[in-house]
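K.L.:
Single-letter residue listing:
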Amino acid sequence: NAGVTQTPKFRILKIGQSMTLQCTQDMNHNYMYWYRQDPGMGLKLIYYSVGAGITDKGEVPNGYNVSRSTTEDFPLRLELAAPSQTSVYFCASSPGGAGYFGPGTRLTVT
Amino acid sequence: EDQVTQSPEALRLQEGESSSLNCSYTVSGLRGLFWYRQDPGKGPEFLFTLYSAGEEKEKERLKATLTKKESFLHITAPKPEDSATYLCAVQASSNTGKLIFGQGTTLQVKP
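Order-wise, the sequence lines are chains B and V.
Residue 1358 is where the first sequence starts when you use the numbering used here, and the numbers rise one by one after that.
Residue 18 is where the second sequence starts when you use the numbering used here, and the numbers rise one by one after that.
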């Protein structure tokens, strides 16, 4: 099992550009999550999904969108990137309890 | 609103000096409390799940305990390799989809 994989590992965006962060899990977990982590801070929940076709907002959803068409994939879309979205983004999946995290995507918006 | 607060923010210990990290939570019915370890530049790594007050879990030098309002991560005789950020998260019975994290405690163990 590869677990949770995220691409890309690093990305630099210009203000106003858009991009999609990819997340895939091969553990057949129903629950999937997107978090952001700013330097020295904990994890803030952006969006989560309890199954294919079902998504819900977390603590900091503004500026982001998600979709969940399959159990395996949970992409995060950034529209009109802003400097405030500079962060490390983590995807996680869970069978219903503890989450298992991917390695993260480091995003810089300049 | 579900909330998790961890203290202290940072902790420096000498090798062998035992201590505890605190995780206080406010949640509408606790379904589970989780402890993670995060090394710099990496994703959080799952350590423990606690479900009910009085429960304890152990792994090597780490022991996690749970009361109705807080959890402690006890570190006994720490080694430099225990240096990391330790994160606490809760899941509410009313919304089992959400995992809410605290801000973490950064532990440094000096040889």
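Everything labelled a hint here was simulated from the structure, so no lab data went into it.
Just so it is clear, CB atoms sit at the ideal spot from N, CA and C, and this is done for glycine as well.
Each hint should be verified, as a subset may be incorrect.
Said to hold, decoys possible - 25 Å max Cα-Cα, derived DSS-like pairs, lysine-lysine:
(1) K85(V) <-> K59(V)
(2) K85(V) <-> K1401(B)
(3) K127(V) <-> K86(V)
(4) K1401(B) <-> K86(V)
(5) K1366(B) <-> K80(V)
(6) K59(V) <-> K86(V)
(7) K1414(B) <-> K1401(B)
(8) K96(V) <-> K85(V)
(9) K96(V) <-> K1401(B)
Unchecked claim - Computed far set for chain V versus chain B, every beta-carbon distance over 10 Å:
(10) Q23
(11) N39
(12) K59
(13) E62
(14) T66
(15) E73
(16) T84
(17) K86
(18) E98
(19) D99
(20) S100
(21) S110
(22) K115
(23) G119
(24) K127
K.L.:
Hints first: check each against the structure and report whether it holds.
P.N.:
So, going through the hints one by one against the coordinates:
1. K85(V) <-> K59(V): Violated, because 31 Å separates the two Cα atoms, which is more than 25 Å.
2. K85(V) <-> K1401(B): At roughly 24 Å apart (the allowed maximum being 25 Å), K1401(B) and K85(V) satisfy the hint.
3. K127(V) <-> K86(V): violated, 31 Å
4. K1401(B) <-> K86(V): Given pair K1401(B), K86(V) holds - Cα atoms ~21 Å apart, limit 25 Å.
5. K1366(B) <-> K80(V): Violated - the C-alpha atoms of K80(V) and K1366(B) are around 33 Å apart, more than 25 Å.
6. K59(V) <-> K86(V): violated, 29 Å
7. K1414(B) <-> K1401(B): holds, 11 Å
8. K96(V) <-> K85(V): Given pair K96(V), K85(V) is violated - Cα atoms ~30 Å apart, limit 25 Å.
9. K96(V) <-> K1401(B): Status violated; Cα separation ~30 Å.
10. Q23: Incorrect as stated: the minimum Cβ-Cβ distance to chain B is 8 Å, not above 10 Å.
11. N39: Non-interface label on N39(V) holds, nearest chain B Cβ at 14 Å vs cutoff 10 Å.
12. K59: About 7 Å separates K59(V) from the closest Cβ of chain B, which leaves it inside 10 Å; violated.
13. E62: violated, 8 Å
14. T66: violated, 5 Å
15. E73: holds, 17 Å
16. T84: Check passes; 20 Å lies beyond 10 Å.
17. K86: holds, 19 Å
18. E98: About 20 Å separates E98(V) from the closest Cβ of chain B, which puts it past 10 Å; holds.
19. D99: For D99(V), whose nearest Cβ neighbour in chain B is about 19 Å away, the distance exceeds 10 Å, so it holds.
20. S100: Check passes; 16 Å lies beyond 10 Å.
21. S110: holds, 12 Å
22. K115: Nearest chain B Cβ is 6 Å from K115(V), so the label is violated.
23. G119: violated, 5 Å
24. K127: holds, 20 Å
In this structure, the hints that do not hold are numbers 1, 3, 5, 6, 8, 9, 10, 12, 13, 14, 22, 23, in rising order.
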